[in-house]
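Single-letter residue listing:
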Amino acid sequence: AQSVTQPDARVTVSEGASLQLRCKYSYSGTPYLFWYVQYPRQGLQLLLKYYSGDPVVQGVNGFEAEFIKSNSSFHLRKASVHWSDSAVYFCAVIRTGGYKVVFGSGTRLLVSP
Amino acid sequence: NAGVIQTPRHKVTGKGQEATLWCEPISGHSAVFWYRQTIVQGLEFLTYFRNQAPIDDSGMPKERFSAQMPNQSHSTLKIQSTQPQDSAVYLCASRGNTLYFGEGSRLIVV
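Protein sequences, first through last, are from chains Y and F. Just so we're aligned: 519 in this note's numbering is position 111 of the first sequence, and the numbers increase by one with no gaps anywhere. Just so we're aligned: 61 in this note's numbering is position 39 of the second sequence, and the numbers increase by one with no gaps anywhere.
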């Protein structure tokens, strides 16, 4: 069964600094990969997704992620964070041809002024 | 497009009572999912409907939880004889080309 590991439970960065949130997945094939963000008392919102093709995918609000198959990773990046980016970020995976989305444990991002 | 609509947003219920949560998926989406979110367990898959038919309920606690999708415009999650450990945020999602979530129903069992 596929699984997702987000090794960092909490990340704190200064406003304007760059960001990388780590995600590694366990699956023998090439899965579909996602990043979601959850703001307080809200549902999950899709940031970006990877199905195939260019391994660097662009998302909303300046976020991007890179699929590195050799490392089974799908790290999320942003060049310059804003205080409004403070939220919980979830990496997720669906196996090819599957339907069940498996989520990582989430990374809480705090952007300090 | 109002997105996935979940009601109620908050529900407080006494131990042993029944709780019913409603979900209205995005119009035209054929797949509906229910997830449970807690601090300890994170996001847990509960059940999945496709074209209103139950496909996978492997995540549902067997004894007190049930889910239905009587028509394409809504699904319900019912918890009988609620227990404090059922306290969680229950998230509904529907899928077109990707998965869209509602804002969740926060259930508190006292």
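Hints are supplied without guarantee of correctness; some may be wrong.
[Claimed, not checked] Residues on chain Y that point at chain F, a partial pick, calculated with CB under 8 Å:
no., residue
1, K432
2, Y433
3, Y435
4, Q450
5, G451
6, L452
7, S488
8, W491
9, R503
10, V509
11, L518
12, P521
[Unchecked claim] Below are the DSS-like pairs computed for lysine-lysine, each with C-alpha atoms no more than 25 Å apart in a straight line:
no., chain 1, residue 1, chain 2, residue 2
13, Y, K432, Y, K477
14, F, K84, F, K37
15, F, K84, F, K33
16, Y, K477, Y, K508
17, Y, K508, F, K37
18, F, K84, Y, K508
Honestly, the hints are just simulated from the structure, not real lab data. All figures in this text were calculated on a predicted structure; none of them were measured in a lab. The beta-carbon is built from N, C-alpha and C at its ideal position, and this holds for glycine as well.
Do the hints match the structure? See the list:
1. K432: violated (16 Å)
2. Y433: violated (15 Å)
3. Y435: Where the cut-off is 8 Å and the nearest Cβ of chain F is about 16 Å from Y435(Y), the hint is violated.
4. Q450: holds (5 Å)
5. G451: holds (4 Å)
6. L452: holds (4 Å)
7. S488: Constraint on S488(Y) not satisfied, violated at 26 Å.
8. W491: violated (22 Å)
9. R503: violated (13 Å)
10. V509: holds (6 Å)
11. L518: violated (17 Å)
12. P521: violated (27 Å)
13. K432(Y) to K477(Y): holds (10 Å)
14. K84(F) to K37(F): holds (18 Å)
15. K84(F) to K33(F): Holds, because 22 Å separates the two Cα atoms, which is no more than 25 Å.
16. K477(Y) to K508(Y): holds (21 Å)
17. K508(Y) to K37(F): violated (31 Å)
18. K84(F) to K508(Y): holds (19 Å)
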